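Participant: Now for the letters of each chain:
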Amino acid sequence: MSDTAQSSRRLTIKMGPTDDVAMALEQLRAGATVPVESAPGGPIVQVALIEDIPLGHKFALRDIRAGERIIKYNMEIGTALKDIPRGAWVGEHNLE
Amino acid sequence: MKKILGYQRPDGQVGIRNHIALVYTNDCAKVTARHVAAIAPNTHVFGWPHGCHWSQDAFNKLVALCSHPNVGGAVIFGIGCERIRAADVAAQVAKTGKPTGWVNIEEGGGTIKAIEAGLRHVLRITREASDAPRVELAPQDLILAVDCAASDSTSGLASNPATGVAVDFHVDRGAITYFLDVPEELIGCGDCLAARACSHTVAAELRKVASVAPDDPKIKPPYGNIRGGITTFREKAAGALAKSGTRPIQGVITDFTRPTKGGLYLVSAPPDAWTNDSDPQCVQIMAACGAHLVVETTGCGTVTGGVVAPVIKVCANPDTCAREPDNIDVDISGIIKGEMSIVDAGQIIYDEVMAVAAGRLTHAEILGHFED
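Keeping their order, the protein sequence lines are chains U and F. Quick note: the first sequence, position 77, residue 76 per numbering that gives the first Met the number 0, numbers continuous. Quick note: the second sequence, position 45, residue 44 per numbering that gives the first Met the number 0, numbers continuous.
It should be emphasised that the hints constitute simulated quantities derived from the structure, not laboratory data. Among the hints, erroneous ones may be present.
Claimed, not checked - Okay, derived cross-link-like pairs now, SDA-like style, lysine to any residue, Cα gap no bigger than 25 Å in a straight line:
(1) F:Lys207 / U:Glu75
(2) F:Lys219 / U:His92
(3) F:Lys217 / U:Arg28
(4) F:Lys217 / U:Leu80
(5) F:Lys207 / U:Ala29
(6) F:Lys217 / U:Gly90
(7) F:Lys217 / U:Glu91
(8) F:Lys217 / U:Ala29
(9) F:Lys336 / U:Pro16
(10) F:Lys336 / U:Arg28
(11) U:Lys81 / F:Lys207
(12) F:Lys219 / U:Val44
(13) F:Lys219 / U:Pro39
(14) F:Lys336 / U:Arg68
(15) F:Lys219 / U:Glu91
(16) F:Lys336 / U:Ala79
(17) F:Lys217 / U:Val44
(18) F:Lys219 / U:Glu67
(19) F:Lys207 / F:Tyr222
Keep in mind that this is a model prediction, so the values were computed, not measured.
Kindly generate the complete structure, drawing on both the sequences and the hints.
Facilitator: As structure tokens, then:
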């Protein structure tokens, strides 16, 4: 497996190159380190998950401060309700 | 690719189905229309399930649906005392040259006589519609519409982007293609839409439509969306917009007239044309604008179809596809499983569009899902 390739089964997907979050393509567990393709055909970034991420749900790709806008699909989808560390689950509890 | 052999109507339009429509102009005529449908197979009932008052948008929608090239003929049922008169609807539809009839239930003598009169119209109209010449419909003359229904996170990350690929294929042929988003599905999308507009005028129209729904972070999406991973309406809107592909947007359709120029259009129906902001209603609105068929992406697994335009269900959620295979036409859960690319999935969707146009029946049609 090369440095720039994901494993044979893709685990995550990032919708836009400037996004703050990526999504889990299967149930992911806290403690796992998962590859994220930062842009189509671009370099792979490894992200350590600090919480379980359900299928289809989001996790943070960077430390996000409370009150910051969160980008997905290259557009603002809402605001962080509290500080969200990199690798944390992003959902109704911390995004509005 | 199989040729699309369509049904030619007297006004020259070509449809991909040959439906006989039984239309009720208000709530009081609905049961009579359904009684006729119960006796005569191959008829499809739709109408305006409201009261007596006039609605220009409702009148226009009923005329547009009956005038649709997928409809071979129509019988209009009215109770007799409402403002949307069955005779008036029938007169407008008759201008297309297709066979029509109308029944006034009160003047005609009540339920039994109305059923009898309706059936005689059905007999005459169906015979004539079944003689419609069969002519080839060029793919670029097929009007495709796309919609999302019962979305979850897989809609925004897989089935909508894949549908967007299919939309790009079709728009590149020069065909008219519609995407529909209700106002809540356009929250926060003004800039994205305007950037794709073919002109400043269209950009302004798109921004206006995108600003209709309140952009209030306190308003939450439905439970099914949250459970599926969609947290805000803005996120839902961004995921929904992915089904429109990447090509320029030629305009916003706000009534039921078909554009003359090919390309991609946002359908934003007049508010009084809706009876309920539901998925079957979205399909019906796009059919009223002339869509021959509709691709509907679903995450949670909706089962609905449409009365005039067939509905192709596309799903990328592996659980839903395994749980509801009877209702899903195109299973692209391979994207989520990491086995299929979004582009490949888009081609599979487009192949299904062409097959359904050429006569393949959708799951919804076979199972009788002709939701009004």
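Participant: So, for every hint listed, does it hold in this structure?
Facilitator: Status of each hint after checking the structure:
{"no.": "1", "hint": "F:Lys207 / U:Glu75", "result": "19 Å, holds"}
{"no.": "2", "hint": "F:Lys219 / U:His92", "result": "12 Å, holds"}
{"no.": "3", "hint": "F:Lys217 / U:Arg28", "result": "30 Å, violated"}
{"no.": "4", "hint": "F:Lys217 / U:Leu80", "result": "12 Å, holds"}
{"no.": "5", "hint": "F:Lys207 / U:Ala29", "result": "43 Å, violated"}
{"no.": "6", "hint": "F:Lys217 / U:Gly90", "result": "14 Å, holds"}
{"no.": "7", "hint": "F:Lys217 / U:Glu91", "result": "11 Å, holds"}
{"no.": "8", "hint": "F:Lys217 / U:Ala29", "result": "29 Å, violated"}
{"no.": "9", "hint": "F:Lys336 / U:Pro16", "result": "22 Å, holds"}
{"no.": "10", "hint": "F:Lys336 / U:Arg28", "result": "17 Å, holds"}
{"no.": "11", "hint": "U:Lys81 / F:Lys207", "result": "32 Å, violated"}
{"no.": "12", "hint": "F:Lys219 / U:Val44", "result": "32 Å, violated"}
{"no.": "13", "hint": "F:Lys219 / U:Pro39", "result": "31 Å, violated"}
{"no.": "14", "hint": "F:Lys336 / U:Arg68", "result": "30 Å, violated"}
{"no.": "15", "hint": "F:Lys219 / U:Glu91", "result": "9 Å, holds"}
{"no.": "16", "hint": "F:Lys336 / U:Ala79", "result": "30 Å, violated"}
{"no.": "17", "hint": "F:Lys217 / U:Val44", "result": "33 Å, violated"}
{"no.": "18", "hint": "F:Lys219 / U:Glu67", "result": "19 Å, holds"}
{"no.": "19", "hint": "F:Lys207 / F:Tyr222", "result": "28 Å, violated"}
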